[in-house]
Amino acid sequence: MKFIINILPNQLLDEPNLSSFVNNITSQYHSSELQIIIKQTSQLQTGLFEYIDRHELPITVIDSLTDVTLADSGDTYWLNLHVDDALLPNAIMQWENTLTNHATDLLMLNYVNNDQRISDQLDPIFENLGEVKETTIRHIFEVDPRESLFDLPLSKKLDLLLGLQSYYLNDRNYRYRTFFNNVDLTGRNVLYRVNSERLHSDKNYLAKLLYDLIDNDDFVRLNMPTMVLSANSTAEQVKQGLLLIQNGAFIFDEKIKNYYLSALANRLATIYESVHADDHSEPDRNHWLKLLNDAVSDLPAENQVQLKARKAKRGVLNSVKQIF
Amino acid sequence: MKFSIITPCKAEDLDRLVELKANLESQSFTKFEWIIACNDFDNRFQEGKFPLQIVSYAPQTIGAARNAALDAAIGDYVVFVDADDFLLKDAFKRLNHMTPRNDDTIIGLNHYKTYETQEAFLKDLKINHREKDVLPDWGGRKKRKPRTKSLNLTPADLKHLNLNKRAAHWITNKYNIYSKENHYNQLGAQLVVAGKAIKRQFLLDHHLRFNANNELYSDIEFMMGVLNFSKRLVLVNNYQYILVYHNDPINDPSNAQLARDDRWQLMVKSWIDGYQQLTNPEFKLAFSEYTVRRLNRTLYKAVLDERDSMGDVDQTLQLVSDYLNLIDQQALKSVNILSRRIINSLIDRNYGLAKKLIVSLVFGRNAHRLLKRRGRGITKLLYQNVFTKMPVKSNVIFYESFLGRNYSDNPKYIYEYIQKHYPGKYEHVWSASDPQVRESLAGQANTTVVKRFGFKYMYYLATSKYQVFNLRQPRWFVKRPGTKLLSTWHGTPLKRLVFDIDNVVNATPMYKRNFYEQSRQWDYLIAPNQFSADVFNHAFMYPKDKMIDSGYPRNDILNAPDRDQRAVEIKKRLGIPLDKKVILYAPTWRDDERASGNEYKFQLKLNVAKLRENFGDDYVMILRTHYFITDRIDTSTFGDFVFNESNYQDVSELYLVSDILITDYSSVFFDYSILKRPILYFVYDYDNYAKVLHGFYLDMQKDLPGPLLKTNDEIVDAIKNIDTIKAKYAERYQEFDRRFDAWENGNASEKVVNVLLNDSDK
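Protein sequences, first through last, are from chains A and B. Heads up: the first sequence begins at 1 in the numbering used here, then just goes up one per residue. Heads up: the second sequence begins at 1 in the numbering used here, then just goes up one per residue.
Since the hints were derived computationally from the structure, they do not count as laboratory data. Wrong hints could be hidden among the right ones.
[Said to hold, decoys possible] In silico EDC-like cross-links for lysine to aspartate or glutamate, where the CA-CA straight-line distance does not exceed 16 Å:
#1 B:K710 to B:D687
#2 B:K465 to B:D434
#3 B:K180 to A:E134
#4 B:K165 to A:E142
#5 A:K133 to B:E181
#6 B:K149 to A:D218
#7 B:K180 to A:E131
#8 B:K149 to A:E142
#9 B:K10 to B:E47
#10 A:K208 to A:D105
#11 B:K10 to B:D252
#12 A:K208 to A:D184
#13 B:K145 to A:D218
#14 B:K145 to A:D105
#15 B:K132 to A:E96
#16 B:K149 to A:D171
#17 B:K355 to B:D305
#18 B:K143 to A:D171
#19 B:K145 to A:E96
#20 B:K676 to B:E735
[Unchecked claim] Far from chain B by the CB rule (all over 10 Å, computed), these chain A residues:
#21 G47
#22 T69
#23 Q94
#24 Q165
#25 N303
[Claimed, not checked] Just a few of them, taken from the derived set where beta-carbon distance is under 7 Å, the chain A residues facing chain B:
#26 V22
#27 S32
#28 M93
#29 F150
#30 L154
The beta carbon of each residue, even a glycine, is placed where N, CA and C say it ideally should be.
Just chain A, with the same shape it has in the complex (with noise of 0.2 Å):
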């Protein structure tokens, strides 16, 4: 088995983030051969590619797809990641794992968000649990049951996920909706078992994962979280939420297409509360709703329909009076 991670650049890519990435992912064990890659484009900066050849940090800068090594195996998944995402402890472990029982094309990844504190985002987890669940886990674990759960340290509480994790087969006739729900918008919580074939595919990478879900019978989704991810900036999100809104037309099973018009629904509105927030330029906001209600208008007049949008702040119901 191997993983490829790839590095999406953003904003916070630099040295010291470039850094403090690698020690997380390098500090994992697994046993896998793991690959970290970087493609070389001319808007990163040059002397990121001289700091990583000069600290020899264990990245691959790749000049183009041709340049990725695949597994011999077959069992090569691709993931992509900013350099302000992290690694829970154990993550890769318990990929390997659960790919040994239910080799997958594609896993979905469970994640919390950087923007608030983890522990607290552990909480609803324990909150959740069954009684008989509970008193097993503070058993093996050797909590006392007079300590709330919630006031365990992170360490002890990441131990608990350990031991609480599980996967859940999802070949439900509605998985497409789950998928399409839960898909991070850059693909960055989902190991994506890629081939040759799929890897020069000219499609956009959503448009790989949509076009393999819709002809396999099932994916597999790890419950517990085992990344931090960061938010996507509104440019970002409005780039992919674009590719989102032509990834349809690949679609053409009409039941695939409502729950996917309909997870684009809800995408979308949120992308647009996004790109209403307060911190953008009235430039900016306007270039980006051009941007989206042009490529929703260019829609055919029934799927249009369908994007009902859900109600969001300010600003946002009227942009999508303006499309439809």
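Place chain B on chain A using the hints.
What follows is chain B alone, placed relative to chain A:
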């Protein structure tokens, strides 16, 4: 010796024992002995990887069998494995990992109920290269396979983790602990003895044995005793024990499936006998609550429906009263007030009041269900409770063809015959789930078309004297005295049916049971030929003396004296040029050919363009595909060469206008052969279809009246040389005709109607 496996066995289990032996030998941990309690063992296998003992027992009950095996056991732990069940490969390894334990800890392998046999499961694993964590199909609660699996780590991972010793041990084989206030959660599963490992000394210390006199439920009483004394249950998270229900409960029922009219009574007796031995007050309360909730869920409907398993209802209720008078009365708080009133009236032995309250409660539940489903199901409720109590109308005939999708097939021709020869005598009611049925019958005298499962449908289904179906009638159909149900069936069987299928997991696991029960309601079954009569007899377990040996009414048209004239009219209606001959292409449906969500159109394997190029001047093609893909086939590029008649109501009419039939594994060729016109079999996937072909009654290589052609070139060549093909297959065609068409003389409708309406001799 670590483990003693206890397996009771009867004569009918001996074949399964061989499979179980193979299963135990494939375990990754085999430090156990196997004790089989069997009075009929025929030495079909010897000791293998582990010690084996055969012990006999008396009386002839499963409880006595288990006791005899227990007496012979020497292992530290006894593990109960039934003859028809099996275990996943690492089950004993995991069990071993979870011991040693305190004597009063029960270990459970977590049983997974399924209808898929071990043989079918292993075959599936081998052929389809399934994942390591796969479970058998048709299993789980409500036959929904569980989708969440606990993630166990490997021992190699442990050195990289900073966990305490207990957690490190546990994380490679996760389990849940049921103890203290949670000890009796999921009591129903805990009372099942299969898949449980119990310290043998614990059983000896507490003198725990199976009740040899209770033929069905000795395990409940036994586990009550175990739970009375045990302190905890440890249950492995991921299922390891596969508990197999038999998918042919008619011919081969498991203990749980035996049709017994004392089932309820034996169960309640086991509760009474077990409860009287209990000494643990917490368990007494937990068990009382469990049984009270169970009565609340299952007793009332069983009483109202007078289920066979209840036996004499009054006697059963008396036993229930005996039990309720024993238990901890606090348990009554676990059910709602109306249920409590019923239980209290049973405690007081006021059975009249109890029955009245049961009627109210069940009515309330039905009403609540209706409200929750916003009225869905009300028509069925009315059917069951109102319409089936109304008088039967002796002049009403109810018809349904292909679940109301068509006005076609045998029901159509029976109807038309009666309309013609008994004008005005009967009222005809047609079931319709497709508007085309209504359109086809518009303006017909004495004919009502009703929406399938609507109010009128239910009314006429309940009150008609005669019913004519070509598929099975609804499961909930009530066969009323004096009514007559004619099953016309819908074709000479090509693929194996019902009781001729070894393993029915491709349909539903209840297929055989449901089919058996539904076919017992048929007063008559039409057999189109002797072959079908023989097959129906063993495949449906349907008696020959109730069959009508007549040929099919739908085929009368193919022998009608005016068939050529009809063919011209049909051609005109379809817009087919009269000077052109017709090729009918009718492929069967293949599951694996469904178009992926990424493909808009379904592609036919037959090269239509090539046929058009070669034969477009003289022929047109009629396409008749499965309705699943009708709208996804694009024939527009073929101009006026192709007529897509996949939605055409009556396929018999398409036969009439066709000069050549191209098909594959569809049974259309049986009827078409009556016309004695050429049949070509386009079997491009013949090699891959092999596993399905084993499920056919015919040998495709020897029995068919036409050539097997695997490529489009072969098809073109055959059509070009059709006269040569006819000559080459003449003898085989003749034999085929003798075997399958001997009864098709154009009078089937008359014969069937005479039997149905006039009780003529069959």
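Hint numbers not upheld by this structure, sorted from lowest to highest: 2, 8, 9, 14, 19, 23, 24, 26, 27, 29 and 30
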